[in-house]
Structure formats: structure tokens, C-alpha cells
Amino acid sequence: MNCHTGPRSIKISPGEKVQQVLFMGNPNVGKSVIFAKLTGMKVESANYAGTTITYTTGEIAGGELRTLATDVPGTYSLQATSPAEEVATQLLGQGAHTVLCVLDATNLERNLPLALQVASLGIPVVYALNMVDVARRKGIEIDVATLEKLLGAPVVPTSAVRGDGLKDLREQILQCASSHDLHPVTIPQDMEDFWDRSREIAEKVETRAERPPTFWDRFEEMTICPLPGIPIAIVVLIIAMGLVVGGGKALRALVLLPVFDNYVAPAITAAVSSIVSEGILRNVLVGEYGMLIKGIEWPIALILPYVAFFYVVMSFLEDSGYLPRLGVLLDNVMRAMGIQGSSVVPMFMGYGCAIPAILGTKAATSQKERLMVTGLVALAIPCTAQTGAFIVLLGDHSMLALVGVYAISFSAMVVAGALMSRVLPGKVEPMLMEIPNLLMPDGKSLLKKIWLRIKQFFMEAEIPMVLGIGAAALVAETGALVHISAALQPLVEGLLGLPPEASLALLLGIIRRELAVLPLLTMDLTLLQLMVGSIVALFYLPCIAVFFVIIKEFRLKFAALVFVGTMVFAFAFGGALNYVGQFLIRLFSQ
Amino acid sequence: MITSSLYSANGLSSYTLTAIPTHPLLSSLGLRQGSQVSIVSRQPLGGPIVIRLGQRCLAIARDIAEQIQIQETAR
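As you go down the protein sequences, you meet chains A and B in turn. Take the first sequence: its position 541, counting from 1, is numbered 541 in the working numbering, and each next residue is one higher. Take the second sequence: its position 56, counting from 1, is numbered 1056 in the working numbering, and each next residue is one higher.
Only chain A is shown next, with the shape it has when bound in the complex:
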């Protein structure tokens, strides 16, 4: 999930007949999971509303004609009130051979109004009654035959995460699509809402077993009560951090570093030395900043273990539906930053990578909220690779320093949030959010998701890392670094109290965020210098890929604001920390 690659393009030769299928439904009913399993496409999914904010198109195999499926963002109605709903109505307006309407079996009454709105447009519909397994566990039984009769269209019970019912669903979709023509439709401005009819249908088909609440039911509620919800949240976050820091450290120290130091690095050095004679080229390849040594050691032996454990934790939290609960508990803290609790989801994703976080803000209800979250993520939330770098740099010296960096990051968000909410026009909407079921994530799909993300990190990190480090090695070996360092000396040495060669971190940090931290590893720094370096790296410019996304999603003016804001924050905070730290050291050494 580091950087999102665009949807794979699907080639259709001119004149070729294809069938269009739209996947629609309320937010968080599992459209994307069904879509991914029917088309074999890799799309992001998680257990909360708004994971799909743009649409993806894939192909369903097995029909006589080629069948294109589009995963439409989740909507509650066809009245376009948010960017995601506008996308949905626009796609529907273009028409489809069939709409697959996904219904949440645990919440049927609330899901039916949209289904009935879609059906009222005259487009053929197939219904997937999803999460029947969760519904059954909650004591809800749905009479599928009656529902089919009342809706006048096929209803297929499914459990998409487990893969149950999907074969049947595919057949129904293909059959329905092939027996109907394309229907371009106009969506009336003021659509009838089918609330009463939905209630009637739900009452007819649903039977709820009266049963005493299970432990899980009670636990679900506990997580959204301040007591014991807040202590539970603290325990969850401590376990999460412990797993990332401890698990990553163990993997690095026990497996990756020994293998790299004893086998990989000597082998590369020997191989290169036998081909390339001593000189600049050999140094660039395998010297102090050798691109083939650091370019492999840094991303794989140092950063990857933390990234891997971070994605384990994040994927688990996403699929469990815990994050929106955290948003409810944190709403009052987040309002201090000028945003609201629902934004906990994109903010948390920012700890993975800023790009999906920024794209994820599309589900936000106001433009101001989008800008606020984007600004905060770009400024003060370290991505997972940078977190890995912080743990490598600080964790071995002092865990307190590591915690300190995160405490400073958090306070900076409050300060920057207060500033931004004054500067930016508009209003942040108050919280209004549906809380998803709390689920135990399905092991198989969890593993798949984690594996995809780790693979993506590797693909996206490795080449920029090697090239960036190669450029740095060239700069160092040719002596250009001396000139650059001299030019930046007042800033780096004067203001921040770092050795001149730390200017390298500032140069590399533009490429990837962790590269603003890692060069400090090779320097012999005091704890204060390590802290200052980390803080500057934290607030410093987001990486270049993030910058392009900000420019693309918002206007250049906002990107410029982010550019200036992060620079000013980085040097102001870093400088202040340096001076205060030095003052305290002098005070106590007297």
C-alpha cells in the first residue's frame, strides 16, 4: 500500500461487445471483497466505510461475452451528497447490463432503501446477501426465498471473506448480464426513498433469535464506552507498538542482520571487487555509502522487519473494525486538532503511507477536513518506513527518546491543527458515523493482504533506495558533499547542531522519508543530536511521491503551503530542540 498504482487498464478492441456490471451497495458491506474475488483484481478493503473512494474496473471470467465489473464506492442513497456518492450516481447514469447490489445481512433494513432505489430505475439487479455467517452468529436468520420474491430478483447468500456463495453469485451475474441490454438511465433529482417499504420487507424476511448477549456482544459495546473503552484502547495500542518494535527487532537481530552481514554483504563486495578495480566506481558500488550494500541493507535488513510487523498490526486492526471505534473515543482529542473522530482512519493509514491516507480523505464530508488531514499527515505522521528508521536509530540508544519523538509528533499535530483550522477556509462537519461490527479477521485474507503490502513496499522502496543511495555515494565520493555541506552549514551545524555531513539526510529525505533518518546511522552522534535529527526528519518535506499526490488531489497553492509549512516546522522545532537541549545539558553539567 505504499504507493498506489493506478487500476490496470483493460483492453477492449473497437466493436467488441462487452457486458457492464456495476457493484453497488452501502459503505462497508463487502463490495470490494466480492469484487476482488470475482475479478482476481487486487483492491484495498477493510472493515469500515469508505475504503473504496475511486472506482476500479476488472473482468469477470466465464461468460460468453467479456464481462467488465466496476467496484463503485459505497453509498447510502443515490442523492449525491459526497464525492463518493457523485462517482456512484455518475457511473449508474452511464448504464449497465446488470447491477450487483450487495446487502449486509446483519443490517438488512438499512441496506434495502438503496437497493430499491437502484431497482426502481429499471436496471436488472442481482443481490448478494453478504455476511450471512456474521448474521447467523448474531442470531439473525433471513428467509432468502421470500426476499427473492419480494425483490423480484435473484438473491445469493454469501460470505465473501470466506469465499462462500461466490461461485453461485458469479453464475447469476453472468446469466443476468447476458440476458439484458445496456440501460442508460437518468437519475431523478428528487428520488423517492423507500424507507417504509424496506422496513416492511425486513420485517417479513428477518427472524431474530432472542438470546442473551454473548461475551463478544458485550465486548463490542465495551469498546465504545469511555470505560472500559479507553483502557482497552491503551492496551490495544501498547500491544500494537510492542509487536512492531519487539517483533521487528527480533526479526532484524536474529535473522536478517546476521544473514546480511555474514553472507550477503561479503558476497556482493567480493563479486564487485573482482570485476571493478579500486576507485570511485567501486566505492560508489560497495564503499561506505555503497549503493549495493546500503541499498540492500537499509531497506531489507533494517526497515523491512518493522514494516512487515506494522502491516500485520494495521491489517488486523483494519479488518477487525476497531479503528472507527477508536475514532469515537478520540473524537474530542481530534477536535483539538481541528478535525473529527472519523478521520482517525486516514490518519492511522498515514502511519503506513501518506498516499493512501490522502486518497482516503475523499470519504471525508468536507473539503476542509480533507485539507486538514492531508496537512497533518504530511507534516507530523511518520510513514512505516520512517518509523522503522526511527526504531533503528533511537531504539538501540534509548526507548525514551523514541517515545519522545512520537510525543513531539503528537503535540505538533495539535499545534499545527489549531493553526491550520484558522488559516483554511470552511468548516469541519461534526461526527456522524456508523460503527461497523467488530469481527475477528479471517486468517487467510489477512495473510494475503499483509503479503501484498510487504511486496508492494519492497517493489516501491528498493529502486528509489538504490538510486538515491547511489547518488549520495557519488556526491560523497566526488567531494561534492563538502561543497553542499558548506553551503548548508549555517542551517545544519549552526541551527541544528548536527555535523555538516548530515546535510546528506536532508537531500535524500526528499526521495524517501526514511532516507532523511538513515544516513544519521553512520555518524557518531550524541543522544541530543539523534533526537534533533529525528525531529527534523519527522516534520521535513513528505517524500516526492506524496508531493505529487498532493498536487494532483488539491491545488498547487495548498501543495506550496505544505512545502513551506513542513520546512518551517522542521527547522523551527529542530532548532528549538537543539538550543533547549544544549541549555539543559549545560545547566546540569555545571
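FYI, nobody ran anything at the bench for these hints, they're computed from the structure. This one's a predicted model, so the numbers in the text were calculated from it and none came from an experiment. Hints may contain errors.
[Claimed, not checked] Computed beta-carbon distance windows for the label pairs:
1. A/A253 - B/R1032: 56 to 62 Å
2. A/P231 - B/I1002: 31 to 37 Å
3. A/A480 - B/P1044: 55 to 61 Å
4. B/G1046 - A/V259: 49 to 55 Å
5. A/K167 - B/E1072: 47 to 53 Å
6. B/P1044 - A/P184: 48 to 54 Å
7. A/A418 - B/E1072: 35 to 41 Å
8. A/V580 - B/G1046: 39 to 45 Å
Heads up, the beta-carbon is just placed ideally off N, CA and C, and yes, glycines get one too.
The hints should help you fit chain B onto chain A, whose structure is shown.
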């Protein structure tokens, strides 16, 4: 029957919604006149109130909850 705001509901009872402010999402989420809700929790420091509506919980900010009028239905 006395009506009061959803935000001031005390938590033990079940309530019927009697007046809803115009907000595009409220009705889509199922908050309509006549809907039955119960209170799950209220977050401290003016945070949102969490209600149960049918099978689902919804978090509603104080600003909005104060505009929603309710009537007690059963104890």
C-alpha cells in the same frame, strides 16, 4: 410526553425520535421520525453520543444530537 434532546438522554431507556434536523446523512443512516433508539455511551468532554439503532451503533456529534428531539418509550 415530554420531549428532550437526544444528547440529554440518560441512557437507561429506549427512545422514539420525534424531530430530526435536515441533514442529508441522517435519514440515510436510518435516523428518521419514529425510529427507535437506545443509548450505548456518551463520550466525555463534549464528545459524541453513541446510540443503537436496530442492529447497528451510530456515533453522533453533540452539535447534531442536541438538535434531535426524542420521547421516552419504555423503561
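List of violated hint numbers, smallest to largest: Failing hint: just 8.
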